[in-house]
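Enquirer: The chain contents come next:
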Amino acid sequence: MTENAPAERVTHALVRDVTLPGGAGTLALVTLDNGFDHTKPNTLGPQGMAELTAALEGVRERAAAGELAAVAVTGKPYFLAAGADLKGAQTIASRDDALELGRAGHRAYSILGDLREQHGVPTFAFVNGLALGGGLEVALNCDYRTVASDAGGLGLPEVSIGLVPGWGGAYLVPHLVGIEKAIDVIFTRPASQKPYKPAEALEIGLVDAQFDAADFLEQSILWAAKVLTGEVEVTRRELDPQPVWDAVTSGVRQHLKATIGGSRPAPYRALDLVEGARNATRAEAFEAEDEALADLIMSDEMRASVYAFNLVSGGKKPHGAPDPKIARPVTRVGIVGAGLMAAQIAFLFAQRLQVPVVMRDLDQERVDKGLDFVRGTAEKLVGRGKLTEGAARRIVASVSGTTDIQEFASCDFVIEAVTEVMGLKKKVFAELEDIISPEAVLATNTSALSVSEMSADLRHPERVVGIHFFNPVAQMPLVEVIHADKTSDEALATAFGITKKLRKTAVLAADRPGFVVNRLLILVMGKVLEAIENGTPVEVADRALAPLGFPMPTFELTDLVGPAVADHVLTSLREDLGDRIPTSPGLKRIVSEGTRIVLDAPGKGLPKPVDPAVQAAFGEALEPGTTGRNGTPVLDGPGVLDAVLTATATEIGLMLDEQVVAGPQQIDLCMILGAGWGFHTGGITPYLDRTGYSEKVLGRRFLPDGVANVPA
Amino acid sequence: MTATSAPTRRTVRDVVFVDGVRTPFGKAKPDGLYAETRADDLVVKLIRELLRRHPELPAERIGEVAIAATTQEGDQGLTLGRTAGVLAGLPDTVPGYAIDRMCAGAMTAVTTTAGSIALGAADITVAGGVEHMGRHPMGFSADVNPRFVAEKLVDPQALNMGVTAENLHDTFPRLTKERADAYAVNSQAKYAKALANGNIDPDLVPIAVRSTELGWGLATADELPRPETTMEGIADLKTPFRPGGRVTPATSSPLTDGATASLLAASDTAAELGLPVRMRMVSYAFAGVAPEIMGYGPVPATDKALASARLTIDEIGLFEINEAFAVQVLSFLDHYGIADDDPRVNPYGGAIAMGHPLASSGVRLMTQLARQFEQHPEVRYGITTMCVGLGQGGTVVWENPHHADYTGHTSEENDK
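Each protein sequence line maps, in turn, to chains Y and B. full-length UniProt numbering numbers the first residue of the first sequence as 1 and each following residue consecutively. full-length UniProt numbering numbers the first residue of the second sequence as 1 and each following residue consecutively.
These aren't lab readings, by the way, just hints derived from the structure by calculation. As the structure is a computational prediction, the values presented were derived from the model and not from experiment. Heads up, the beta-carbon is just placed ideally off N, CA and C, and yes, glycines get one too. Heads up, some of the hints might be wrong.
To be verified - Quick partial rundown of chain B residues pointing at chain Y, CB under 7 angstroms, derived from the structure:
| # | residue |
| --- | --- |
| 1 | V44 |
| 2 | K45 |
| 3 | R48 |
| 4 | V144 |
| 5 | F148 |
| 6 | L159 |
| 7 | P206 |
| 8 | A208 |
| 9 | G215 |
| 10 | G217 |
| 11 | T220 |
What the hints assert, rightly or not - Calculated pairs, DMTMM-like style, for lysine to aspartate or glutamate (alpha carbon to alpha carbon, straight line, at most 25 angstroms):
| # | chain 1 | residue 1 | chain 2 | residue 2 |
| --- | --- | --- | --- | --- |
| 12 | B | K177 | B | D334 |
| 13 | Y | K40 | B | E36 |
| 14 | B | K27 | Y | E218 |
| 15 | B | K27 | Y | D17 |
| 16 | Y | K317 | Y | D489 |
| 17 | Y | K194 | Y | D150 |
| 18 | Y | K588 | Y | D611 |
| 19 | Y | K226 | B | D203 |
| 20 | Y | K588 | Y | E556 |
| 21 | Y | K226 | B | D201 |
| 22 | Y | K40 | B | D303 |
All chains should be modelled from the sequences, with the hints used to inform the complete structure.
Expert: Next comes the structure, spelled out in structure tokens:
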């Protein structure tokens with residue numbers, strides 16, 4: 001441990017005897033409780049683990065003396081445990097310490113795993129609340145598990161933060177639920193950040209019984225007594241046959257190679273463990289878990305992942321937001337436009353702000369289309385069980401449409417979502433200013449235009465703020481809140497207040513071209529296209545960024561954004577920022593000719609490869625290393641990657657100089673939530689630091705050594 | 001019959017006691033069993049247990065949930081019968097309300113919802129009570145009307161229950177401290193015996209209890225009984241209510257946390273659903289006495305209830321009387337010429353041993369009487385009775401369905 005290790009919020013292990021009903025004997029009930037309220041979940045750090053070990057050793061002695069009929073573990077209200085203490089894990093300085101972290105967990109948990117065999121005393125976990133990672137693994141090491149109907153979620157998210165379920169999970173889960181479901185538990189669910197609901201956990205066999213929250217512990221204890229007396233019998237599934245095991249694991253391996261490639265080690269280490277779990281002894285398997293944990297804890301990918309995880313978790317409190325108390329009350333929202341973006345925004349406002357929303361467009365047909373979207377979305381969500389009928393009715397009823405701009409008169413917040421043309425937006429704002437009250441806040445959802453310019457001619461430019469939503473509005477967690485030259489604190493506070501109620505993570509950005517996400521995302525795309533323009537074959541360029549492990553290859557992203565939008569943003573960024581932003585005549589050709597740029601994905605969840613035919617839009621592919629069409633050498637894959645990273649580091653350096661955001665953390669948060677860049681890159685600045693690009697390009701790191709990497 | 005006939009006049013239906021349960025009673029102190037457990041949660045768990053014990057009862061058939069508490073605020077506030085029903089997972093269609101008659105709260109929940117059943121307003125009711133005296137000391141937040149004192153309506157001391165017990169000693173000099181002590185010792189002994197004989201545990205519902213210091217535990221037994229109590233041991237205890245007085249902690253019920261709940265049904269509904277009939281309600285009455293001797297309340301209440309039932313005291317074979325104070329029970333026994341140690345009275349001991357979570361106790365008396373009826377088929381009638389602060393008494397007369405002469409009454413018979 002380093003000296004600056006943060007103080008551990010110790011989760012205590014309290015042991016209390018319970019007399020089992022029906023004369024079934026004494027149960028030693030272990031409660032995990034850090035002594036804080038529900039805002040601070042139980043986590044398991046070294047001190048807590050030592051306390052748990054000591055408590056369980058005491059229990060083991062009593063079991064050996066024949067004093068106990070059973071042992072059970074439960075948690076404080078709402079939590080079993082949210083997992084290992086990541087703040088502590090992130091500061092581990094040596095591999096020996098990292099190895100010890102894994103071993104300490106196994107030392108404690110194995111007492112629970114061994115008691116029945118050693119002393120004939122079965123162990124139970126009463127999963128009363130959230131059980132993630134090491135929290136769920138406590139339960140997995142027990143012989144039996146019950147779950148409360150209101151438990152916040154059960155899961156093993158380790159792989160998503162650069163680790164493996166190394167306190168028994170990788171071995172125990174495939175044995176318990178079978179190899180196929182184990183893949184869901186260890187890989188699929190973490191990737192989509194969806195822990196198991198209690199009923200789902202019961203269904204796949206992660207737990208043996210579920211009881212209502214109202215008397216969960218009482219019923220769990222009663223159930224345990226029945227297990228002891230044989231009244232309840234729990235059957236365990238047979239080990240899956242070797243061929244099934246192999247087929248499933250090799251399928252996962254292929255999928256990993258095709259999706260994340262070599263961008264991060266954790267999923268492969270987890271897969272190795274799962275693969276070996278079938279035939280390894282428990283001792284061997286647990287030792288392998290320790291080794292994997294030790295290697296991964298000492299990896300930059302894990303450190304960047306934990307940094308990213310903390311950024312995202314802490315992102316709910318926006319950096320630089322003014323005092324929320326000065327926010328204006330929002331009781332009626334106006335939306336200029338009724339197109340797709342406008343209708344999506346209208347739905348979200350009606351759903352989360354729970355105020356009347358009026359959409360206005362030029363003709364009734366467009367207005368009706370917008371309202372149809374709101375109605376259709378509500379129906380779809382009800383159909384999927386994501387919305388109650390009552391809530392759907394309320395949303396639909398609270399969104400109205402009009403062609404009369406006077407309808408905005410009583411709105412205290414109006415956001416425009418019209419076509420991205422400066423003249424049009426200025427006209428809209430000018431019209432609005434004559435209608436709305438002097439206190440009303442005006443917002444723009446522009447993704448590329450200057451908010452300051454847009455509001456320059458207004459009598460009250462200080463009330464204008466940018467709120468940049470990403471498409472699709474409902475799913476994308478990020479909103480960029482744009483501070484224009486004259487934006488008042490009140491307008492800014494109102495915007496942050498709204499985005500908080502919309503349950504979005506808001507990042508404050510200055511009114512600079514492309515703000516954060518588009519500036520970097522389109523730059524990266526432009527640099528890839530630039531290489532192709534010079535002669536790099538499209539297939540080579542498309543795959544060049546694979547080592548970064550982005551959610552999709554460049555052409556698939558271009559296809560998703562839409563080539564026309566991509567070209568528009570690339571062009572306007574170049575106009576505003578200068579020649580370092582590439583230009584791509586090939587992209588313009590693709591737009592004008594409507595060229596298809598990607599092929600169908602070869603399988604579900606696999607990337608869409610670039611259509612080789614798109615090469616024609618750029619001119620013929622040249623041999624890397626030869627002189628290209630721009631007179632510079634044609635880049636190979638690593639060359640394209642180098643060019644992209646160099647340009648990215650340069651651009652971020654400029655963005656920080658321009659004070660687009662407060663620091664590199666905000667850039668990382670934006671790229672994670674707005675572009676889906678992975679935790680293993682820490683967003684992007686930890687990756688640029690650890691690969692030396694920031695030093696090379698700017699002569700300095702973005703983040704201090706050790707914040708998001710293993711310190712030198 | 002004509003098309004414009006008058007609304008059907010309802011016949012009065014018989015009401016039966018189907019089942020009753022309670023939490024183990026805990027010490028109302030910071031180190032007591034329920035110090036960190038909510039009062040409403042205690043009731044919720046009992047309602048759920050009643051339903052678990054009676055799978056033959058569809059929850060939507062419950063027509064009313066009446067839950068009593070003396071201090072209806074905090075975790076005992078917000079119309080307990082409704083909140084507890086919702087929290088217990090009863091269907092939204094099941095209504096509920098809160099009741100207060102201080103110590104006779106749960107008893108009043110039973111009699112009031114029994115009235116609803118008799119009148120046909122409900123077929124089945126849940127009636128119970130809760131008092132977390134650790135969180136809600138008696139009268140703690142009450143704003144007592146100054147007229148009580150200014151107009152000498154009530155001796156200010158009458159609000160202190162221990163003082164009213166001392167007043168009973170004054171009123172009836174033959175009720176000596178020695179008799180009270182002996183009664184208390186016997187109560188502890190009877191409870192210990194009942195516990196050993198398995199007469200207590202079947203009515204208890206284990207409750208998960210949390211302690212931030214100790215972790216989760218399970219309350220499975222009453223916390224307050226002192227089976228080691230002897231005459232010598234309690235002879236010199238201090239008399240907290242009056243210097244040189246006669247009432248001691250040993251002859252008083254202790255401050256208690258706990259809850260009770262019962263199921264009542266119309267006898268025809270019980271027959272329809274196959275619900276067990278453990279007692280039939282014969283009559284009930286509440287009556288007032290001077291607040292200064294509130295402990296005497298069971299006497300006029302019992303007279304009234306017996307008169308209404310057309311029974312005499314000699315026909316009562318079992319008595320469950322709440323032991324707020326030993327002297328108050330003795331005043332009742334003396335009035336009716338019953339011996340202090342009559343085996344028909346509180347066979348399982350009483351509140352002096354178990355504790356008295358004010359508004360809960362009435363249903364405990366009934367649940368115990370129901371068990372005694374099973375054990376004594378030769379007894380035809382029994383009563384549950386208790387005193388109430390500010391000078392009241394309540395009595396319910398019950399008939400034993402296990403008795404040879406029990407025929408049950410039906411609505412049809414009532415009609416005749």
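Enquirer: If a hint holds in the structure, say so; if it does not, say that too.
Expert: How the hints compare with the structure:
| no. | hint | result |
| --- | --- | --- |
| 1 | V44 | holds (6 angstroms) |
| 2 | K45 | holds (5 angstroms) |
| 3 | R48 | holds (6 angstroms) |
| 4 | V144 | violated (36 angstroms) |
| 5 | F148 | violated (41 angstroms) |
| 6 | L159 | violated (37 angstroms) |
| 7 | P206 | holds (6 angstroms) |
| 8 | A208 | holds (4 angstroms) |
| 9 | G215 | holds (3 angstroms) |
| 10 | G217 | holds (5 angstroms) |
| 11 | T220 | holds (5 angstroms) |
| 12 | B/K177 to B/D334 | holds (15 angstroms) |
| 13 | Y/K40 to B/E36 | holds (19 angstroms) |
| 14 | B/K27 to Y/E218 | holds (20 angstroms) |
| 15 | B/K27 to Y/D17 | holds (19 angstroms) |
| 16 | Y/K317 to Y/D489 | holds (17 angstroms) |
| 17 | Y/K194 to Y/D150 | holds (16 angstroms) |
| 18 | Y/K588 to Y/D611 | holds (17 angstroms) |
| 19 | Y/K226 to B/D203 | holds (20 angstroms) |
| 20 | Y/K588 to Y/E556 | holds (17 angstroms) |
| 21 | Y/K226 to B/D201 | holds (18 angstroms) |
| 22 | Y/K40 to B/D303 | violated (60 angstroms) |
Hint compliance for this structure: hints 4, 5, 6 and 22 are broken, all remaining hints hold.
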